[in-house]
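A.B. asks: Residue numbers (my numbering), protein chains in the order written: chain D, 1 to 292; chain C, 1 to 248; chain S, 1 to 298.
None of these hints come from the bench; they were simulated from the model. Careful, some of the hints might be misleading.
Distance windows between CB atoms, simulated [stated by the list, open to error]:
| # | chain 1 | residue 1 | chain 2 | residue 2 | range |
| --- | --- | --- | --- | --- | --- |
| 1 | C | R120 | S | A13 | 39 to 45 Å |
| 2 | C | S60 | D | T191 | 36 to 42 Å |
| 3 | S | A157 | C | E174 | 55 to 61 Å |
Beta carbons: idealized from backbone N, C-alpha and C, even for Gly.
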Amino acid sequence: MTLGAWAELVASGVITGGVYALVALGLNLQYGLMRILNIAHGEFLMLGAFLTWAAQTGFGISPLVMLPVAFLLLMALGLAIHRLTFRRLARTSADLDVFEARGLMVSFGLMFLVQNFAQWLWGGELRGYDYLADPVAIGDARFAANKLVLLALALAISGALIVVLRTTLLGKGVRALMQSPTGAQLVGIDTERLHPLMFGVGLGLSGVAGCLLSMTYTISPAMGEPYTVTALIVITLGGFGSMAGALVGGLALGVIEAVGMHFTNPSLKTLLSYGIFIAVLLWRPNGLFARR
Amino acid sequence: MNRHPLVEARALTVRFGGLTAVDAVSAAFAPGELVGIIGPNGAGKTTFFNALSGVVAPTSGELFALGEPLAGAAPHRFAEHGIARTFQTPRVFASLSVAANVGFGLRFAGRRRPVPALLRDEASILALLGLEAQAALPAAAITPSQQRLLEIGMALATRPRVLLLDEVAAGLVEREIEAIARLAHRLRDELDLTVIWIEHAVTTLLRQVERVIVLHEGRKIADGTPAEVVRNPEVVEAYLGDEMAEPA
Amino acid sequence: MMRRDLVILAVLAAAALALPYVASEFVVSLALSCLMYAALASSWASFCGSTRYLSLATAAFFGIGAYTSALTLGTLPWLAAIGLGAAIAAAVAVVMGAAVLHLRGTYFAVLTFGMTELIRHSIAYFEKQVTGTVGRVLTVVPERDTIYLTVLGLAVAAVLAAIFIRPSRFGLAMAGIGADEQRAETLGVDTRVVKIAGFAFTAAFAGAVGAAMSVRWTYIDPATVFNPFIGFQTVLIALIGGAATLWGPLLAAVVFSLLAETLRLQMPQVYMMSLGLLLILSVLYLPGGLASIRWRRA
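Generate coordinates for the entire structure from the input sequences, incorporating the hints supplied.
C.D. replies: In structure tokens form, the structure reads like this:
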């Protein structure tokens, strides 16, 4: 394979990986902070994608404009969902294990609700639109412009999130809560406000990922689930609670998939993903669900 | 007659990542002993119990029950070999009745073990504990000190030879602690049970037991009669730094 | 108490037995679907309801049973094919269980889902690449009544098993695991063996039901018989009905079969959305499930 061909392969892996990282960061935020395993995470990505598509095809609004809009809309949705469901769960669960199990079931229900709502509203067919689809040449390789934009934005947003978490007071509060819930509360960090906010941010990130995806790929109401699974794999690979790990893990998984698919068989992609998932969970269980 | 001690730990070590909770502790226990384990905060007492009951696998060292190596075995095998324990915070089955809670151990580890009259069935165990009146109540509905007793009853239902009591006196009033101590003595006298008792309140324990093991930062620093241990300079030194324990 | 339950079961079984003689084709078809989920949800609840290890692997075992009967019906008699489907599913469960049952509840749920998808994609890949088929046509198909009777038998067996398991040592062990696993262990429960046995139990039923139902469709492919929705619906029904109760899953299976038939053809998405909404509402406000409002003693 020529160097150019390799570069294209790895780069296409990095591009998908960028989206994976974004989705994984949102999921990590929710699980690491609140032990909410949001199995419906991918459905909100799908909502972001559809909202962007609807705005673009219905009103001609550019997806770039929809980026912050999707984020805010989905963050608001996240705040509402948290207030209506998880907040009550937290108050009525005897211990963390019970809360986690009930949270899983609630997000299960959300998955059904959101996915079928979308299907009901928009129908099950694939949809898409063209946006910046012209190819751009970098060295020997050629990429669609929208894919480059996708990568750049995914990395930028992921990077921004990590920076916010590391440097701002809010971010430090979140990280403190993730490390030691009681300790953080003792020091005065307000979980009542931070939890719904971060849940919302997690959902917002998912929506942004969906918005970005809609620029380059076709979308359908069923598109969310594979991304949820991928996000779970990424968090496991990258190490639970680690934001930087989710970023690196996402990019790595994208590349592994691209290379794996190229050298074996594209239809093995899902097989490969699930295989990696199970293997990692079995041999490195501390990656995702370790007791702290 | 088995010449092995009832329970024996040899150089038992439990490490969690960088922290050594139990550091090469060796101790042997004979039938009918009433032993107390004391030590300042973080001494590794509960971790030692966790290792003795199979809840935690030792990082190194050996553990024997009547000569049978048990290190690393699942907790149910420890119970089958006659090692029973209580937990610091009572872990009763909240939705079952008090009688059913006691009955649980009887149907599992207690099933294949020799049956002494005192531990014949739910009724006799409840009578032993003074909980007959509460038999039909859900375990969640009894008072915390009654739950402490139930916790002991659940352990006794496995018809053990060794009973590990983990800070059963915490939060109880003098009268209740005396009752538990009397129970421990009775179990030892009538069943030849070995009772190993962790307690944070040192003076309470020293009055009741015949042998004391002192742990400090995971190591065993003393093992003898209460009188000997109390005069041990290393023990005094260890406790000077800990405000929670009462001075000897 | 047990006698009362057995009487109720006998009455229900008799009613279900008489149905094909008095009701229309449509009603019988509805009843069949109801019986299928009754069998799946009851057997699922017997293990997952009491141990609180939520298995999302029902579709995997269902599909394994379906493929077993599809492949063996030409050579084996009907009941043997069903039995084989159950046995293979149980064997897979033992292997799967040995690998993942030492993990905590939520973790276990996600892993069983992953393994189900892995099995589905593996078989799809295998069929495509190795045997060159996409799906399989069933040529040897028993009569409608045989299928109905078999699934009825499985549903009755599932509830019967639940009735006998609950007061038994096995049932108590599972309840102990659900209440406080470590405590149960220190009281002498070999949790590993109990969990694997319980998991294999649910797998055997799912495999048997899958083997029986595959002939309903006459053409099967991985997407249909390994459809995760089968597993999701089983879990939903058991949870909404009351996974720790005896009659909850059965009750919910009836309710949802009716709901499914009335909604599914016109508005399938509305049906699914209401399932999701009902699950959320029941987890939030009725954690014991529907059955807990009826039978206060349960």
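A.B. asks: All the hints need checking, so say for each whether the structure fits it.
C.D. replies: Cross-check of the supplied hints:
1. C:R120 to S:A13: 39 to 45 Å: Between R120 (chain C) and A13 (chain S), where Cβ atoms are some 41 Å apart, the hint holds.
2. C:S60 to D:T191: 36 to 42 Å: Check passed, 40 Å falls within 36 to 42 Å.
3. S:A157 to C:E174: 55 to 61 Å: 58 Å Cβ-Cβ, so the 55 to 61 Å window holds.
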